[in-house]
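**Q** Each chain, written out:
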Amino acid sequence: DSGVTQTPKHLITATGQRVTLRCSPRSGDLSVYWYQQSLDQGLQFLIQYYNGEERAKGNILERFSAQQFPDLHSELNLSSLELGDSALYFCASSVTPRGDETQYFGPGTRLLVL
Amino acid sequence: ILNVEQSPQSLHVQEGDSTNFTCSFPSSNFYALHWYRWETAKSPEALFVMTLNGDEKKKGRISATLNTKEGYSYLYIKGSQPEDSATYLCAFNAGNMLTFGGGTRLMVKP
Chain W
576 DSGVTQTPKH LITATGQRVT LRCSPRSGDL SVYWYQQSLD QGLQFLIQYY NGEERAKGNI
636 LERFSAQQFP DLHSELNLSS LELGDSALYF CASSVTPRGD ETQYFGPGTR LLVL
Chain P
34 ILNVEQSPQS LHVQEGDSTN FTCSFPSSNF YALHWYRWET AKSPEALFVM TLNGDEKKKG
94 RISATLNTKE GYSYLYIKGS QPEDSATYLC AFNAGNMLTF GGGTRLMVKP
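Chains as they are written, first to last, in the working numbering: chain W, 576 to 689; chain P, 34 to 143.
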């Protein structure tokens, strides 16, 4: 158990809908990262937050947004869902945003868009 | 787009065999190289973070080396056990985000 929690574990929804994925980092970690694992692709970095501020952005679609709250938990919002958004979404956390820090991954949220 | 390649894609070995796989990454703008172990139905688990050229790290039967000048890292597993069966991921960091390779899937037969 990494100490990172994600809810829900599974989510089934329809195209066009909007969902929110939630992540709580390890105690003491200020940086949160979101990743997407699709069937045909490796782990793709989406976005990083550090202490409430957006720090780095990867290939995140405009339909997706995220935020980190004062209590350091983070939410990833996915809207106007398409079939291709079906994937495993991971959240990870680290103490600082430095690239040489270990990132601890949560159990993931499996999203299925029908 | 950064290119991080891992080889082989998959590997079948017998229990007790030693094995190694490769991660290739850009040799410019290097900041850190991460190795993760990912078991089916679980989340990636950090193995090593490597930053210095020539660095070698060890954790039990698993070790890794790093060559930043030529852009590669090797992961070694000595005396593979069935519980080592997993996908091993490397991830390159040029300073702001991790770019993952496709992984090497290791299957160890008892």
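What the hints contain is simulated information worked out from the structure, not anything from laboratory work.
Ideal Cβ positions, reconstructed from N, Cα and C, are used throughout, including at glycine.
Errors might be hidden in some of the hints.
Claimed, not checked - Partial selection, computed: residues in chain W whose CB lies under 7 angstroms from chain P:
#1 L618
#2 F620
#3 N626
#4 G627
#5 A631
#6 G633
#7 G674
#8 D675
#9 F680
#10 P682
#11 G683
What the hints assert, rightly or not - Here chain W is said to cover these stretches of chain P; the calculated rule only asks that three of the stretch's residues, wherever they fall, bring their Cβ under 8 angstroms from a Cβ of chain W:
#12 75-83
#13 132-143
**Q** Compare the structure with each hint and give your call.
**A** Consistency of the hints with the structure:
The interface hint given for L618/W holds, since its Cβ lies 4 angstroms from the closest Cβ of chain P, which is under the 7 angstroms cut-off. Interface hint at F620/W: satisfied, since its Cβ lies 5 angstroms from the closest Cβ of chain P, which is below the 7 angstroms cut-off. Taken as an interface hint, N626/W does not check out: its beta carbon lies about 16 angstroms from the nearest beta carbon of chain P, beyond 7 angstroms. Because the beta carbon of G627/W sits about 18 angstroms from the nearest beta carbon in chain P, more than 7 angstroms, this interface hint is broken.
Here the hint on A631/W is kept, as its CB sits about 5 angstroms from the closest CB of chain P, short of 7 angstroms. Annotation: G633/W was flagged as interfacial toward chain P, and the flag holds, the nearest CB pair being 6 angstroms apart, inside 7 angstroms. Proximity of G674/W to chain P holds as hinted, the smallest CB-CB distance being about 4 angstroms (cut-off 7 angstroms). Because the beta carbon of D675/W sits about 4 angstroms from the nearest beta carbon in chain P, less than 7 angstroms, this interface hint is met.
Checking F680/W against chain P by beta carbon gives a least distance of about 4 angstroms; that is within 7 angstroms, so the hint holds. Checking P682/W against chain P by beta carbon gives a least distance of about 5 angstroms; that is within 7 angstroms, so the hint holds. Restraint check, G683/W versus chain P: the minimum CB separation of about 6 angstroms is within 7 angstroms; hint holds. With a cut-off of 8 angstroms between beta carbons, the region 75-83 of chain P has 6 residues touching chain W; three or more are needed, and the interface restraint holds.
Against chain W, the region 132-143 of chain P contributes 5 residues with a C-beta closer than 8 angstroms to a partner C-beta. That satisfies the three-residue criterion, and the hint holds.
Violation of the numbered hints given earlier is confined to hints 3, 4; the remaining hints are satisfied by the structure.
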